[in-house]
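Novice: One line per chain: the protein sequences are A and B, in this order. So the mapping is simple: this note's numbering equals the position in the first sequence, first residue as 1, plus 148. So the mapping is simple: this note's numbering equals the position in the second sequence, first residue as 1, plus 1.
These are computed hints drawn from the structure, not numbers from a lab. Predicted model only: the values in this text are computed from it and were never measured. There's no promise every hint is true.
What the hints assert, rightly or not - Cut-off 20 Å, straight-line C-alpha distance, at most; resulting in silico cross-link-like pairs (SDA-like, lysine to any residue):
#, chain 1, residue 1, chain 2, residue 2
1, A, Lys512, A, Arg532
2, B, Lys165, A, Ile576
3, A, Lys502, A, Pro566
4, A, Lys512, A, Asn183
5, A, Lys390, A, Ser416
6, B, Lys10, A, Phe563
7, B, Lys10, A, Ala573
8, A, Lys484, A, Asp347
9, A, Lys239, B, Lys172
10, A, Lys502, A, Ser487
11, B, Lys158, B, Ile120
12, A, Lys239, B, Gln105
13, B, Lys10, A, Pro566
14, A, Lys239, B, Thr163
15, B, Lys92, B, Leu153
16, B, Lys172, A, Ile576
17, A, Lys239, B, Tyr140
18, A, Lys153, A, Lys290
19, B, Lys10, A, Arg240
20, B, Lys158, A, Gly200
21, A, Lys239, B, Lys92
22, B, Lys127, A, Arg202
23, B, Lys127, B, Lys92
24, A, Lys239, B, Cys133
25, B, Lys172, A, Ala573
26, A, Lys239, B, Ile120
27, B, Lys10, A, Glu571
28, A, Lys337, A, Tyr176
29, B, Lys165, A, Asp575
Stated by the list, open to error - Residues from chain B that keep clear of chain A, each with C-beta distances beyond 12 Å, as calculated:
#, residue
30, Ala26
31, Lys93
32, Val131
Idealized CB from N, CA, C, for every residue including glycine.
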Amino acid sequence: MAEPKLRVLMVSDFFFPNFGGVENHIYYLSQCLLNLGHKVVVMTHAYGNRTGVRYMTGGLKVYYVPWRPFAMQNTFPTVYGTLPIVRTILKRERITVVHGHQAFSTLCHEALMHARTMGYRVVFTDHSLYGFADVGSIHMNKVLQFTLADIDQAICVSHTSKENTVLRSGLSPGKVFMIPNAVDTAMFKPADVRPSSDDVITIVVISRLVYRKGADLLVEVIPEVCRLYPNVRFVVGGDGPKHVRLEEMREKHSLQDRVEMLGAVPHSRVRSVLVTGHIFLNSSLTEAFCIAILEAASCGLLTVSTRVGGVPEVLPDDMVVLAEPDPDDMVRAIEKAISILPSINPEEMHNRMKKLYSWQDVAKRTEIVYDRALKCSNRNLLERLSRFLSCGAWAGKVFCMVMIIDYLLWRLLQFLQPDDDVEEAPDINFCN
Amino acid sequence: MVSSSISNKRYTYIHESESEANREAIDIHHVIINGSRVTGYARLRWLAFFLVALAIIMYFLLGKDNPVRTLSWSCLLSGFFVMIQSRKFVKKESVIIMPTFGIQLETQYLSGKTVSMFIPIGKILKPVLVECVTPVTCYWSLSLFLRGEEQLTLVFKELRPTLKMLVPIWKALCAVIGTDQSEMMTEEEHVVAG
């Protein structure tokens, strides 16, 4: 068995069996990196009784560390609690690059901090956009500034996201790469027989029914579109706190026969829901990169979306109709989409998506980032501390203290259990 | 008696077999904590006795109003605590394989006490090498799938021998039960290479 080119540890609180954009990104990127001859290991927290080591397709090894999530699928921020297990995994798997995902993930921040203390190369991918004004964002941005102060390279999923990350963290733009998400076009194929748009036009909505995803906009847009177009029906997939508001809207306007509420849709069923429609409606109020519209376009649906975040960068102009996050403008965009619907060819759209977005391309571009990270010079502790000091008058000193303690704890661990005592895990070849 | 061994800083693995040719011979696999550690545990027990003795002397020889006398209670309690803990220290764990009959798992404590568990051959479905993950570390363990039991049974309940030590025991168990070893060849190759 040939020695892997790189040994990558993907770290995030968000991974399967949980479903979402970050989870998909980590999984597909890992699979493609494995195909390119790298060794990839994922580290996440335990999900229910799913703990310990699991193997996924292609020999992707996943460490479900028995730390329980405490809020929004995040592990409790202990700062130093994860140091022993992170060190053990890094040594066991002979890791060369640590790749953290998502600024929300406490496990990601802690693992990157420990990895830098131990002298590993670290890469961070930001999947979201954040504000600057509210208390939560201010706190999050400070944490991000701390994590990115000592990073080798960073990746963002859109140019808007890159701009946002650079502004929030004070990171040099030269260190930040833009690598978009992709879609598994083999999973999202158009229907063999396209539903006719002559008698009924179906508009599909699949998203979590929360404020951020624009569920309140839907409450105002759906009745107006139904009033203007008697042949339009809506299929709404997803669940969340705003589900009740949509149900109330349906009752109030007597749209039970025209608005179908599917509830939570498992990822395996998303394609079968999408292919029943003609138009995909995305009403997000903030989005770094919307994978849902990629999946819809791959299934041959014309997309109507709010012009927010990185959404305008995702699809070519003839595949999407953009609108401001305002009910009237969204209704106008849907009207425009209905008028251009006859000119849409789902098969052609699918083939274009195949060329535009592929995980193989994402993996190759990520590989370049890893190579850049490996070429970065290894800084000593004092050089690294000077970077943290520049993070703020008080914050800088706090960050320095955190890093000094982390360094001392690492040295103590090395004394108690030398590196030679950590048993290396064998590489299991799943290809044969 | 054929014997072979593997050693590292922490443990020594000893394999004893009555004869290599005879497949019906009893096969014994020991994992022993290295001497330095056992000596350390013994020293700990002496420390416990010393603390208890010191506590008694302090209590009876010092005057009633002496503040140091109150220390005697903490010495006494800590001494008893160390003594209780030292009884749990494991010296050796063994796997005795008796073909066509069963396997016996033995744990020998520093105090001299031995705990045994016998598993009939018919109850063992499959021996497996598992990577265990705790909140602070990862290690390999050898476990048994037993008929009619949901939980895996650990072969080594107290000690954590390395994969190099576990593979020969796993192979021996597979041979006795008649399990296919091919699915773990990658690990074995790695061990041989290492």
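Novice: Does each hint fit the structure? Answer for all of them.
Specialist: Results for each hint:
no.: 1; hint: Lys512(A) x Arg532(A); verdict: violated (30 Å)
no.: 2; hint: Lys165(B) x Ile576(A); verdict: holds (16 Å)
no.: 3; hint: Lys502(A) x Pro566(A); verdict: violated (49 Å)
no.: 4; hint: Lys512(A) x Asn183(A); verdict: holds (11 Å)
no.: 5; hint: Lys390(A) x Ser416(A); verdict: violated (23 Å)
no.: 6; hint: Lys10(B) x Phe563(A); verdict: holds (14 Å)
no.: 7; hint: Lys10(B) x Ala573(A); verdict: holds (18 Å)
no.: 8; hint: Lys484(A) x Asp347(A); verdict: holds (18 Å)
no.: 9; hint: Lys239(A) x Lys172(B); verdict: violated (27 Å)
no.: 10; hint: Lys502(A) x Ser487(A); verdict: violated (26 Å)
no.: 11; hint: Lys158(B) x Ile120(B); verdict: holds (15 Å)
no.: 12; hint: Lys239(A) x Gln105(B); verdict: violated (34 Å)
no.: 13; hint: Lys10(B) x Pro566(A); verdict: holds (11 Å)
no.: 14; hint: Lys239(A) x Thr163(B); verdict: holds (15 Å)
no.: 15; hint: Lys92(B) x Leu153(B); verdict: violated (24 Å)
no.: 16; hint: Lys172(B) x Ile576(A); verdict: holds (18 Å)
no.: 17; hint: Lys239(A) x Tyr140(B); verdict: holds (12 Å)
no.: 18; hint: Lys153(A) x Lys290(A); verdict: violated (35 Å)
no.: 19; hint: Lys10(B) x Arg240(A); verdict: holds (18 Å)
no.: 20; hint: Lys158(B) x Gly200(A); verdict: holds (18 Å)
no.: 21; hint: Lys239(A) x Lys92(B); verdict: violated (28 Å)
no.: 22; hint: Lys127(B) x Arg202(A); verdict: holds (19 Å)
no.: 23; hint: Lys127(B) x Lys92(B); verdict: violated (27 Å)
no.: 24; hint: Lys239(A) x Cys133(B); verdict: holds (15 Å)
no.: 25; hint: Lys172(B) x Ala573(A); verdict: holds (18 Å)
no.: 26; hint: Lys239(A) x Ile120(B); verdict: violated (36 Å)
no.: 27; hint: Lys10(B) x Glu571(A); verdict: holds (12 Å)
no.: 28; hint: Lys337(A) x Tyr176(A); verdict: holds (17 Å)
no.: 29; hint: Lys165(B) x Asp575(A); verdict: holds (15 Å)
no.: 30; hint: Ala26; verdict: holds (30 Å)
no.: 31; hint: Lys93; verdict: holds (20 Å)
no.: 32; hint: Val131; verdict: violated (8 Å)
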